[in-house]
Each structure stands twice: as structure tokens, then as C-alpha cells.
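Asks: These protein sequence lines map, in sequence, to chains H and S. Just so we're aligned, residue 1 is where the first sequence starts under the working numbering, counting upward by one. Just so we're aligned, residue 1001 is where the second sequence starts under the working numbering, counting upward by one.
Any given hint could turn out to be false.
Claimed, not checked - Listed next, the in silico SDA-like pairs over lysine to any residue satisfying Cα-Cα at most 25 Å (straight line):
id : chain 1 : residue 1 : chain 2 : residue 2
1  : H       : 259       : H       : 243
2  : H       : 248       : S       : 1171
3  : H       : 287       : S       : 1239
4  : S       : 1353      : H       : 237
5  : S       : 1287      : H       : 149
6  : S       : 1248      : H       : 287
7  : S       : 1061      : S       : 1026
8  : S       : 1065      : S       : 1387
9  : S       : 1191      : H       : 285
10 : H       : 149       : S       : 1065
11 : H       : 353       : S       : 1238
12 : S       : 1353      : H       : 149
13 : S       : 1149      : H       : 243
14 : S       : 1149      : H       : 455
15 : S       : 1453      : S       : 1417
16 : S       : 1005      : S       : 1042
Because the hints were derived from the structure by calculation, they are not lab data.
Number of protein chains: 2
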Amino acid sequence: MPNPKEHHAVVGAGLIGGLWALMLAQRGYKVTLYDRRPDPRKAGVDAGRSINLALSDRGWKAMTKAGVDEVVRTIALPVKGRMMHDHSGNQFFQQYGNDDQFIYSVSRGGLNMLLVEEAEKHPNVEVKFDHPCSGYSINDKGTVDVNFKDGSTIVHDRLFGTDGVYSAVRSTMVRNDRFNYTQQYIPHGYKEILMMPNDDGDYRISENGLHIWPRGEFMFMALPNPGGSFTCTLFAPFEGEESFENIKTDEDVVAFYQKHFPDSIEMLPNLIEDWNENPVSSMCNTKCYPWNDGGRVALLGDAAHAIVPFYGQGMNCGFEDCSILSELIDSLPENSSESDWSAMLGEYSRVRKPAADAILDLALHNYIVMRDKTGDPKYQLQKKIEKRIAEAHPDKWKPLYSLVTFSHIPYNEAWDRGELQQAVMNVVMSQSDIETTWESEEIIELAIETLDKFHSDSNSLARPTPLLSVDV
Amino acid sequence: MPNPKEHHAVVGAGLIGGLWALMLAQRGYKVTLYDRRPDPRKAGVDAGRSINLALSDRGWKAMTKAGVDEVVRTIALPVKGRMMHDHSGNQFFQQYGNDDQFIYSVSRGGLNMLLVEEAEKHPNVEVKFDHPCSGYSINDKGTVDVNFKDGSTIVHDRLFGTDGVYSAVRSTMVRNDRFNYTQQYIPHGYKEILMMPNDDGDYRISENGLHIWPRGEFMFMALPNPGGSFTCTLFAPFEGEESFENIKTDEDVVAFYQKHFPDSIEMLPNLIEDWNENPVSSMCNTKCYPWNDGGRVALLGDAAHAIVPFYGQGMNCGFEDCSILSELIDSLPENSSESDWSAMLGEYSRVRKPAADAILDLALHNYIVMRDKTGDPKYQLQKKIEKRIAEAHPDKWKPLYSLVTFSHIPYNEAWDRGELQQAVMNVVMSQSDIETTWESEEIIELAIETLDKFHSDSNSLARPTPLLSVDV
């Protein structure tokens, strides 16, 4: 444990900032948590509009480390699998993992508030709202001048940027020599529609599932909220034949839903109202490197790696940053020097970068899978076969979705294992009689033999791209 | 020609800004050219240190359009080819193109000054130094508030960002929704060493060549200056076994040069002095899209597309931006509307983006070729064969270097043609007896037949990557 007299700044009181301020405080540091926005408890957040996020194992691990898992559990709704809706209104359920494995739907605003309040309860933490950061500079003493938009500066020993995709902390790093940065918008946008509870106050569709209407170039989704409603989202291209730019009138909206999601219309009485009120939002990936500026500044969460939402891992990846960085801080020697900090934050950058790059790729890829593949019978058959292999050989086989969602191995290792397994499944699915033999022991044997062969011969294995069998 | 009463801002009085201000003025617009730096004529530029750039056909075309080609010619030194130096001090000359084709070594500072002064002579142009731009905003009237770091704002009808790799104009666009941006540093840096004239005031090595000492992971280069000196540059990795971080003492510098460039040492009497005085500089690629903000703002040159210097095309590509945008402005209807401008600048973005992406790739690739391939006898043989094919069939074959340097076809088309020709050369060079048969007519016939075959069958042609036969 290094010098606990240090006073750290955490810039950005979002999900990651709230948790990270608490974790630093628990390690004995004095912490000031800054946010550009007014205090949501005074400003009155729009409670009617809620974005849902999926909390899974990596996120829970960080909650447990910080001792807030029990309280978070009170606002988290377990979701057991995905429910696909076809054009005719038929529904197909697919369980995410084993019977005791769930992802948890939580409201972004609710979880954010909870984490900031848990941090604020800690005597080492002070929270300052209405403090928009404009960047930082390393001063003559080697400590950090945190700069604010009103021209003021507050000196801190170290600065942690948890200020999201448009990070002000990162905006200073972007001007550093040899700092790499990319922001890339995808050609698709999204619009939210709220599915209200029915007249009895109940859920209109099963609350045990994440509902998907996969339709090739676009898809509609619904995640349950506590209280009977669902937050629904249409993902579609901005431009093109069937796209947001071509849905102009109320009639266009109804016609589009009638054509593609006919079973959803009667469940969405406020479709037109929400459509006209809610914007089409864009989605951006960002990558940068390094995530630290010497031993004095580091980025966590979206500030370091913003990804598209299609694997439900953006928040979980940010929470995993907190777990890993807290462990690295715990491993610092007793009287840690500046070079210890510099080496440690450099290590944090190097370890986390490939993991973040991998989940970015997985998330991008999973968008194609979700909207295009989940409705495909052959894809569904493959999932069933994979489940049988995994049950017969849990030591050798774990589906990629489980590696990402229900494990703690680095995302890049999950991705590598997933690709190897997909190469095996390509062999399995190419068996001419697979539709009739899929439940046989021989198929399981074929899979494991092929896997072993690929393992022993992994240098010559051509990476199977694109992988088309990831799921949410 | 659109409304000539408009008053345009050009931000950045570098090479591209100077030329572009002049071209806008020639089209009847009132122009203010801003630069963050003080007037170099008053500030006294460091004349001893000169970066050289290679002006080639694309650049000359823009000079001619603006009517400054004659005056530029007075400060440009023709270079006919490249001169390779091997470990033993042997030199091999390779001509760039036909006997009448040259690239022209010019001093960045000298050409910059000339272009800004040519612009300033035009009655429509005003130049304001000491005006560091901080960004812009589109105001309520739809015109452009150009913002400066002192907090002042000057309103212009349109804004052109020619402010280079760290563009302030682009820094506003980066915050626009759906604006894509990448900055990527390469792992290599460079350091400049000046080769003074000999005691008689003459060049120490032939001034007709761009000298290269290709050494695999690194290389040394020399470009002639008027007056007998050469500007030399060592390109090498920042980190690693043989890298800048491992050359620490004066003895290390001498040992490194003794080992790799022994023939250069006696020509560099101030090697140690320059080494210790000059920094190791980094090299960055940037990409962005779109290059315009509606019909009001556009980027030209490095502000839109900064590339590494290894094809000698960064400046030429920026000048080509000016040629093409000037032609698009000339094609606007008489009383052009805002939507005409918006469509025209959108077209400029769309047309130029693939060309800039292609020259970025070509420049990155050419670094590998220059430092690793130019010294390879097989590579040199391939160049000789290609020259024979091109001379026998000038209508069908033009080496990639010539397509890039001595033509005006878009860089992306040059790259495509170059890859096709490289695929043909792979077939030619794989002939078992090529070392003895290379001067035969059959080899030329084989090349042309293979080219025709690939052309007629181009859909099935696998793109040959990586292409390893580009040259500077």
C-alpha cells in the first residue's frame, strides 16, 4: 500500500467514477470526485426515461470487491436468456448459460446514483458537482493541475479520468506526443421506445428474457425494468433504403413496425409519441493508447475504451478496469516511489489494452450476429450442439458467450478461445447429416477430437474470420 | 463562380494555406489568412536548419494553376533518382522515371515564405500572424465564428482549415456527432543531421540523387539543399535493441554509424554536435471524415490527412486538394445557394478521402520498402524488368512510383494499378531462370499476357498483400 496521504482527483461521477472513488478511498487515499453536471438529487433527473444496462460477472466481481454487491442486488433484475421474436410473432427462448447463470438488468441512472452515494458515505470522499473539467497539466512539482472550464485549477497528487467517451482528461492526453487515438462512429443509430406495463401493471411480455426482433440490417430489442415496463430500442442504419432517414411521417413509423415487428405494435401504445420525442442517437467506438500519463494520470472506463452496446459489456469492462487497477495499487511496495507508480500504471495500460480491443471487436461483431444470425435455425442448432459439448466436457469447452459474460479470463483470451471453438464448430456443422445426428455421442467426440487436433496444431490454424457465431 | 463578395478565412499560413489563400483570392473572394505564429520575416526563422520536401507533378500542377510555377522553380533543385549506399560504401543509382522526369528538392521554409508572400501580393488577401485559432462555431446566421485563443471572434462567410496535423479547426469538428478521427504514431522516430559542403563549398556526394542507406529496421537519408549541403535524416525505432533509446553516449553514436553507415562518417564532421542538439521527432498519421462541416467549413492538407514522409507526397497531396477544390468551386453555378456549397464540399470530402487513405497506406508501406528492399538485388532486378516492360508497352504499363509521382490519376487508382502490376511481377519473378532470361522478349510477353489475363479476370484476383515493391 503506497502513501495514503495522497489526495487524488477522480473526474467524472458516472458509474465507473463512483465505484473508483470508493475503491481509492477504501485504500486510504483522500479523494475528490468531480462531475460537470449538477447534483442529480437536486436537479431532478428525468426518471421516466431509463437506459438499461446488463450487469454480469465481471461487474459483480468489482461490486463485491468494493462491498456494494448486496445493495446493488436490490435494484438488479435477473435475465436468464434471450427471447427471439420472428415475423409471425413466434417466440424462441435461448438460455444464456447454466440454470444458475443470469445477467442483471439495471437502470443506468439508478446504479449511478447508488454508487456515487456509496462513495460519498465514505469519510475520505468529497463529491463536487458543477465542476466541468477542461483538462490537466503536470506542474513543476510533478503533481497534477486539474483545470476547470471556469479557469480555476485544483492541484491533486494523481488524476483518474472516468469522464466517459468525450473525456476531458483524455483531451489533454490526445495532445501528448505519441498518444494514439481513434473515434469511429458506426453507420447505425438507435431510438428508444418505452413499453408501458399493461392495465394490470404487469409486464406485457416475459420479464425473464432480453427480447430481440432480429431483422438483418436492423433489430428491435426490449430489456425489462422493475415495475412492469420495458425499455425498447430500435437499432437501424442512419441512411439507406430502410433507415431512420426514410421513416419520416407517423404513417411511415406504423408501416415500418407493421412490416417488421407486427407483434410489437399492440404492446407499444405510445410508439408514435416516443418516436417523435426521442432522438436518433449515434454510437461511437474509441480506442487510445497509452491509458496513463506517467505515474500521475490514468483513464478508466469509456474514457479509455468506449464500445458499442451489443455485447452488454461496456460497463462491465469499465468495472473490471477498477478491479484490476485496484489490485495493481495493492501490489505497490510499502513506500512506493514515483517510478513504481509510473511502472504500475504503464503495466495497467499494457494489460488492459488488448482486453479492451477484444471486447470492442466482439461487440461490433455481435451486432451483426444479433440482428442477422439469432433468428437463423442453423445458428440455433449450433447453439444446442455447443451446449451439449460444454455439458459433456466442461473442462474443455465453454461457449464464447459464457467466457465473456460468466468468467473473468481476459476478453482477448476469451476471443481467442471462441475463435478456436468456432473453427471446430465449422467442421461439426459441415457434416452432411448434422440435422439428424446432432444429438449423437459421435458429434461430441468429433468436436473434442477436432479441438484437440487444433490445439496441438495451433500454429498452422488459420484464424477463422469473420466469426459469425457470437451471441448476446 | 459563386458570390465573390464573400469573405473567407483560411486558418494556417503554411504551404497549403498560402497557396489556398491565393487561389481563393484569384476567384474573387476576399480572404484573411491567419496564423498562430509570428511573422517569420520579423521573427527571424532559424535559417540554418532546413527540412527538405520533394515537390513532384501533383504539386507542380497546383503551382501552375495559381501561376506561381515559374517563381517556385527558382528555389527547386531537380533530383533524378535514388542513390543506394551499401555497407561497403558502394553506390547504386536508380532513376525515378524517364530521362526528363525529376522530383524537386525544396526547403519547406523557403517555399512556405514564397507562397505566403505571393498570396499577400494579391489585393484580396490580408495576412494576420499572431492569431492562434482555437476552433470555430456556426452562428445563428449560418456563417462562421472563427474563435481565437485570446477569446476574440471574427465572423467569416466560410472557413478553410489548413492548420496542419494538430489542426484547431479540426478540433471543433472532432466534437461533431458522427465525425470519425484517428491519430496513429508509428513506432519509429527521426533525427536530422546536416551534411555541410566540403572545404571547396561543393556537395560531398552527388546532388542528383536522393541518397539512401537502407538497413532493414532503420535507414539514413540525404536530400540536397541549394548551396552544397545535404539535410540528412536517421529514421529508426524509438525502442528496441538498435534504437534511439539505446544510443546514449557520443561513443554510441559513433559506433552506430561505424557499424551501419561507415562511408557517411567522414562526410559528417558535425555528427555528434547535431545528434546532441537535435531532438528525436515522432511521426503521426491522421485520418478523419468528413472533411467538411456542411457548406461552411472544409479542411485541406495535413489538417485532413497527415501522413508519414516516406513517399514524398504529403505536401503534393495537400496541393492536389487545392487543385481539386478550386475546380469544384469553379463548377458552382452562377448564383450558388447554400445547398450548392454544402453538396460541393460533401463531394470534395467523398472524392478526396479514398485518395488520401491510399497515399497514407502507400507512404507507410514505402517505409518498409525503402529501408528493407531497396538494397535487395532481386528487388533491383525487378525494377529493371519493369522499366523494360514500361518502355515496350507505355500504354499498358506504368510503374507504381511513376503513377504516384509523375501522374495525376487519383492515388487510390494508382494503388490499385500498382497492386495488379505487382501481382504480375510476382509471376514474372517466380520464373526459375529469371536471372538469365530477364532481358528476353519472352519475359515482356509473359508480363503483358499475365496482365491481360488478370484484367479480364479481375474479380477473381486475390489482392496481393503485403505489396513489397513500392519505391521512393
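Asks: With a cut-off of 25 Å on the C-alpha distance, tell me whether residue 1353 of chain S and residue 149 of chain H pass.
Replies: violated (35 Å)
Asks: What's the verdict on residue 1149 of chain S and residue 455 of chain H, does the C-alpha distance respect the 25 Å limit or exceed it?
Replies: violated (59 Å)
Asks: Between residue 287 of chain H and residue 1239 of chain S, is the straight-line Cα distance small enough, at 25 Å or below?
Replies: Within the cut-off at roughly 22 Å; holds.
Asks: Going straight from one Cα to the other, do residue 1065 of chain S and residue 1387 of chain S come out at no more than 25 Å?
Replies: Between residue 1065 of chain S and residue 1387 of chain S the Cα gap is close to 31 Å, so the pair fails against 25 Å, i.e. violated.
Asks: Against the 25 Å threshold, does the CA-CA distance of residue 259 of chain H and residue 243 of chain H hold or violate the hint?
Replies: holds (14 Å)
Asks: Is residue 1287 of chain S close enough to residue 149 of chain H, meaning Cα to Cα at most 25 Å?
Replies: Violated, at about 29 Å.
Asks: Would you check the hint for residue 1149 of chain S and residue 243 of chain H, treating anything up to 25 Å between C-alpha atoms as holding?
Replies: violated (41 Å)
Asks: What's the verdict on residue 1353 of chain S and residue 237 of chain H, does the C-alpha distance respect the 25 Å limit or exceed it?
Replies: Holds. Residue 1353 of chain S to residue 237 of chain H sits at ~22 Å (cutoff 25 Å).
Asks: Tell me if the straight-line CA distance from residue 1248 of chain S to residue 287 of chain H falls inside 25 Å.
Replies: violated (33 Å)
Asks: Taking only the CA atoms, is the gap from residue 248 of chain H to residue 1171 of chain S under or equal to 25 Å?
Replies: violated (33 Å)
Asks: Would the pair residue 1453 of chain S and residue 1417 of chain S pass a check requiring their Cα atoms to be no farther apart than 25 Å?
Replies: It holds: about 14 Å lies between the C-alpha atoms, which stays within 25 Å.
Asks: Given the hinted pair residue 1005 of chain S and residue 1042 of chain S, is their alpha-carbon gap at most 25 Å?
Replies: Since the Cα atoms of residue 1005 of chain S and residue 1042 of chain S sit roughly 32 Å apart, the hinted pair is violated (cutoff 25 Å).
Violated hints for the displayed structure, listed by number in ascending order: 2, 5, 6, 8, 9, 10, 12, 13, 14, 16.
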